[in-house]
Amino acid sequence: MKSIAPSRRAVVAVCAVLLYALFSRFALKSLPEGAALKFAVTLPPVLIDLALCWLFGRTLRRGAEPLITSFARHAHGGDLPPDLPAYTRRVTLAWTLLFAAMAAAAAWLAAFGPLRAWTLFVYAVNPALVAALFLGEFAWRRMRFRHHPPQRLRDMLQYLRLPAARAQPLPLLRLHAPDDVVARRRGEAIPASALLADAAALAAALPPGRHVLNLCRDRYHFLVGFAAALSARRLCLLPPGSGDAAIRDICRDFGELCCVADHDEVPAGVAVIRPTGHPPAALGARPAFPPEQPAAVVFTSGSTGRPAPHVKSWGSLVRGALALGRHLGLAPSLAPQIVGTVPPQHMFGLEATVMLTLQWRGAVEAGRPLLPSDVKAAIEAATRTAPGEPCWLMTTPLQLRACVADAIDLRGALRGVISSTMPLEAPLAQAAEELWDCPVEEIYGSSETGMMALRRTASGPSWTLCEGLSFSAEDGAMRVRGGHLDAPFTLTDRVELEGGRGFRLLGRIGDMIKVAGKRSSLEDLNARLRAVPGIVDGVFYMPDGADRPLAFVVAPQTSKASILDALRRDLDPVFLPRPLYLVDALPRAANGKITREGLDALLRRVAAR
Amino acid sequence: MQMQTTAFESELAELIVQALNLEIRPDEIDPEAPLFGEGLGLDSIDLLEIALAVSKKYGFKLRSDDADNARIFASLRALTAHIEKHRTK
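Heads up: the sequence lines are chains A and X, in that order. Each residue of the first sequence is one higher than the last, beginning at 4 in our numbering. Each residue of the second sequence is one higher than the last, beginning at 1340 in our numbering.
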């Protein structure tokens, strides 16, 4: 069906009618007139039933996607919940069998029954059966898949008019009407129509090139830059927040780029364009992009700060946002209010603030509140301007800890809190739940994959793998694949499966640490530390509960300042030791190993000094 | 790069260096240089720490996204002026 264009389909239909007319005119001439008439009248409904039987039945063959599954995929915006395909295959089979049975019954009645019975069957029973299966299946599905976003009958009828296309372009704004708010800045509401107009204007104003470096800090400006890059088919580069060196590396690795920024801290020698204020450009149809279009590049820094790129397809970003929204219980009738303390350039910020907003009729706070009183003001602004709509705070354990320490009062304002980028301690999650009377959930994810699993931290240590994803053990490590992922990913954590979709994390492989959302291994940091001239011995150490690593160094011939200068040239700033302790010797055991206990004791000693 | 530093600026510089475990002396902080990004190289984690330390010591809560947020955190000098205006202890 998808291979035949509508105009060709019309030609095929006209030919079929002509052939049937010819058949009636000549082939039926040999029959007695009454029989010929009866045949001519009774044959078309039988043929229609047979054609429908074939249309449904042929999609049940091996390797094809059952027709109802295609409809469902379309209805779910390209992303099928994992528990649906088995069900929709059975529904397709039911339709096939219904049409086959009706064709057989109509043919049998035409041949052997009275014409009155045939007429009753074809014009009353036949449509009634079709309607009964359609409505009955719809009602049953809503009951059985209560956990999916509810679908309206009107929407279902609309899908029937569309061909069951597979790689449908996925819209930038899936549910927003032009007047729906997409962002708020200090109480000012920005409608979806403004985003589309600003993005079209920016897309038209972009200088030639292939890449767009999106450095915007304001989340609405970021959205404009992101949408414009998609429309102009440019790859949107999302550098990690800090580190001028990292951005210079990105500029060198990805040529032909221009930079969209709403501030002046931009790399030298790169064309800079403001996100807004460009002459209006013609607005096309609702922007939608093929799922396979490369949409964004996020970066992992490693310890050196040299960024490693990870390309995200538009389809994977949309599928991830749909899965997250379904987990949160979002529905087309809701307009979630999103407040984020994470930058939109970070993968968690991109999926939980940018993509969730675009795909679920969200309204996102444009500012990036960092301090507890800012967070409170932003959430109060959202709940004041959109009363009754659910509000989520997308944050990190650091901001959460500061907000809980300040005991900011948000009771009744939040539907939930989602934390990511570093492990959240259960007591903190518990305290936040009690303070604000809402669930505090945690996302386990990575820049490479985005969200992989979720848990309500206060309820226990088990994680639940996100829908569509699956684990496999390979070479002693766990690989995760499927769902929204573009490619399988090997975890840097050790995993203990718990049956079903549950699992526990047993600590990082290779002593990985994470600082300010950036990952590095202590081993790698240690190797770089020991390579600094003048250092005899040295070790990085991340005490329990610390946000940053410290370092112990044995370097009798050199100064702290020169060591730090050398490290500054080699390391991402977030990994610089705070503080750096000069010591006489490291607590190495006879076999040369350093234990945590030894380092703890050393720390107590030097801190008391 | 010699600059005049007021007593209160020195006090705040001392507070920042201690709260953040910075590997510099308080008097090495240029009161006119940016605290975040390129200048002193502080980041959003540090912002939280400074806010916590300031609220403990001076009894008022900092906000970053006031209309004049860039101004308040522009430098040690700007932050000092802001705190002097709002402190309650």
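No wet-lab data here; the hints were simulated from the structure. It is possible that part of the hints are untrue.
Unchecked claim - With a cut-off of at most 20 Å between alpha-carbon atoms, the simulated PhoX-like pairs for lysine-lysine come out as follows:
no., chain 1, residue 1, chain 2, residue 2
1, X, K1428, X, K1396
2, X, K1400, X, K1428
3, X, K1395, A, K379
4, X, K1395, X, K1424
5, X, K1428, A, K379
6, X, K1424, X, K1400
Treat the numbers as computed from the prediction; the structure is a model and nothing was measured.
How the hints compare with the structure:
no.	hint	verdict
1	K1428(X) / K1396(X)	holds (7 Å)
2	K1400(X) / K1428(X)	holds (12 Å)
3	K1395(X) / K379(A)	holds (19 Å)
4	K1395(X) / K1424(X)	holds (16 Å)
5	K1428(X) / K379(A)	violated (23 Å)
6	K1424(X) / K1400(X)	holds (12 Å)
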